[in-house]
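Enquirer: This is what each chain is made of:
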Amino acid sequence: MSIVVEDFHKNYGETVAVTGIDFTVAPGEILGLLGPNGAGKTTTLRALAGILTPTHGRLLIAGYDIVREPVAAKAALAYVPDDPQLFDRLTLWEHFRFIAAAYRLRDWTGRAEQMLERLELVDKRDALASELSRGMRQKLAVGCGYLHQPRAVLLDEPFTGPDPRGIRTMKELIREHAAAGAAIIVSSHLLSLFEDLITTVLILHHGQVLRQGRLDVLRGELARNGRQETLEELFFRMTETPAPLMESGQAP
Amino acid sequence: MNTALWLLIGLQMRGWLRYLLRSLRTLKGALLALVGLAVFVPWLLAVVLTPRPGDGVFGHGLRDAGPALLLLYCFMNVVFSSGERAIYFPPAEVNFLFPGPFSRRELLGYKIVSTLIIGLPTALFMSLMLRGYSSWFVASFAGMLLIVLFMQLFSMTINLLAISVGARLYTRGRKLTAALAVLLGAAVLLQVGGSPRQWQPEEMFNKLLDAPAWKNVSWPLRSFFDAVAAERLWPDLVQSAALGALVNLFLAGVIFALDAQYLEAAAAASARIYARMQRLRRGGMGSGEGLRRGGTARISLPMLPWLGGIGPIGWRQLTTAARGADRLLLLLVILGVALGAPMLATLRDEQENVLLVLAPVALWLTLFMTTLLPFDFRGDIDRLALLKTLPLPAWRLAIGQLLAPVLLMTTLQGIGLAVVAWTSPPSDWLLPACLVCAAYVPPINFLLFALDNLLFLLFPTRLMAATPGDFQALGRSVLFLAAKVTALGIVCGVAVIVGAVMYVASDESLLLAALAAWPVVVLSAAALVPLVAWAFTIFDVGRDTPV
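Line by line, the protein sequences are chains A and B.
Our numbering numbers the first residue of the first sequence as 22 and each following residue consecutively.
Our numbering numbers the first residue of the second sequence as 23 and each following residue consecutively.
I should point out that these hints are in silico values taken from the structure, not numbers from a laboratory.
All C-beta atoms, glycine included, are put in the ideal place defined by N, C-alpha and C.
Honestly, I wouldn't trust all of these hints.
If you anchor each label on the Cβ, the simulated ranges turn out as follows [what the hints assert, rightly or not]:
#1 P415(B) - S151(A): 30 to 38 Å
#2 D404(B) - G41(A): 35 to 43 Å
#3 T445(B) - N58(A): 50 to 58 Å
#4 V160(B) - T76(A): 45 to 53 Å
#5 V563(B) - G156(A): 35 to 43 Å
#6 G34(A) - P143(B): 34 to 42 Å
Throw the hints in and build the complete structure from the sequences for me.
Expert: Shown next as structure tokens:
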């Protein structure tokens, strides 16, 4: 498994953000992380990226524990936050240069050129990052993320910034990298854009897993129970009865 | 340190140079930079060419007083800082470096090197300022660089210790530090001997600095100041700088040895600091500072009457000001007391002149202090598009926008005036003079804030500190101040002429002269409303607004 989450808990002081979640993402799998605001999606992704320290539990990236072997784990990882902040006074190309140096890449220029072309950023190659719109910033962050061909990709709300063509390219890139063996987690509120992309779904609510499983299996189960639900309808049904807020020390 | 992090430092320095040079390519940028240089170069020459002022701070040499001031800064940093501690990383570094293949120690190394590079201009500036206490510029610069680095490393060490031991233990540690400071003070006093009541402050300070306990505690810090004041390369500078470097290396060693799990605290604190900086970019000093941590509004103001749309616009700015300006008002009050009290004490014997002296000083201070109250168009730089969609004529919008800063400044000056009236001995002229001043305060404030807004709307810029070496920002400030002084000079000139005519015509009545000049100021202020409205109308919200 490329991504393993075991009994992950995260508390912020006395507030419980995530309480005891478990899941795995295999190479080639695209996991859709769903949940209303405050469900614990970003906390989970940031903990997997090594930015947050888990209160309890084990998080593995490509077999490496993100807490005990952070450098090895991060070398196999790409994390793109929901509102990527870039180095304002560096050009787009300089961002790629830095990423190539950080991940010790050789012969990266061709791939970077290709990435710029696919993300429609060729004419911005030497522009400063401060001149980019939010959608372009997101595209560049995604391009930087894919440059080192990571084995695990974490994308937080990747479809909120780009234009329709950009969204299509993002989805193509996700599928291609999954096909190449990367394990991918995509968190998004745009369920309709999501539905044709993900292979597995995990619904979080108040820091707990409400439902997880392969999307086709889930649909099969629903069909057998006489329901023809879209992902959106399933999401609303699962989250319409919110659980009470949990405090530290309470059982999930 | 990872080679990629060295590359990043190099790329960022290149980016900074590119930023400075790029804006010089335009005519406007080049002219602003020229004006900035025209102010900076004479200042620099004056600093370099002025003869040495002689012996040191508070009657002591820098060698003696410097460690005391540095240690005081360090203690203040620990005792008076907020409970939560973290190392600040800009958002881009959090995004790219935290999930990147770098160890925590590598990132700390990167931070220390970045700090050292950022400290270079500070050290350069400080060594120029301290030139009088140093016989050799190189020594002064090396010493200042070591001091700047020490302050940063000290702060980092405390932050990482706080993260390592936890918030509760850290709070206890702070109390312990405060107690230790008190104990140290007591020990020094005991060693000095005698009764401190009998000493003069300067004598007491001298005795404290000579105490053996103080000398023992401060010896590691003394090396920094020995380096600043070194007269020869060998052995003075080399020995003291090496000792200072060892002190810094020790702190760096502690930082690396701790290897604290600082990423989470740093990411959270950095996000908050960045959000605060963004608020400052949008709303200037104090904006949003009055909100509690959870974002709950603390102060609510009643809605103002409609007044053709002026009321709600003014209410919004006043509410922002009320919620954001508590610390700012405190600062203004402290400034007022610090500057006003000694002046009042000096002028009490010359009661007839007190208002005549204070009024120009207050006017001059107001000229500079308008930037502290940007609760108008200047604080709304990211909301100008929204303001343009409101169904109001531009002139009413302009008045509404100017209402809050004018009211705030007028209130502050009104309090100052009341203090003057209250503390001065009663006389025939005092009440009329105070009333005349009170009548002049609102239109003059309106005039100054309207000028600020007019210049801002015509030449917009964000309210942020300038980057080191940014002579354009300096040039812009100089030009804006010159424009304000010129406009104010013209208005005051016309008012004085009108007043002088009335003074002669009314058989030398100062009161009538002041009353005759007042409409000139009011009309001038009013004449700026259509100009501000016009500048707001032609403001292009799509244009790139430089920081």
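Enquirer: It remains to establish, for every hint, whether it holds in the given structure.
Expert: Comparing the hints with the structure gives:
1. P415(B) - S151(A): 30 to 38 Å: 35 Å Cβ-Cβ, so the 30 to 38 Å window holds.
2. D404(B) - G41(A): 35 to 43 Å: holds (42 Å)
3. T445(B) - N58(A): 50 to 58 Å: holds (56 Å)
4. V160(B) - T76(A): 45 to 53 Å: holds (52 Å)
5. V563(B) - G156(A): 35 to 43 Å: violated (19 Å)
6. G34(A) - P143(B): 34 to 42 Å: holds (39 Å)
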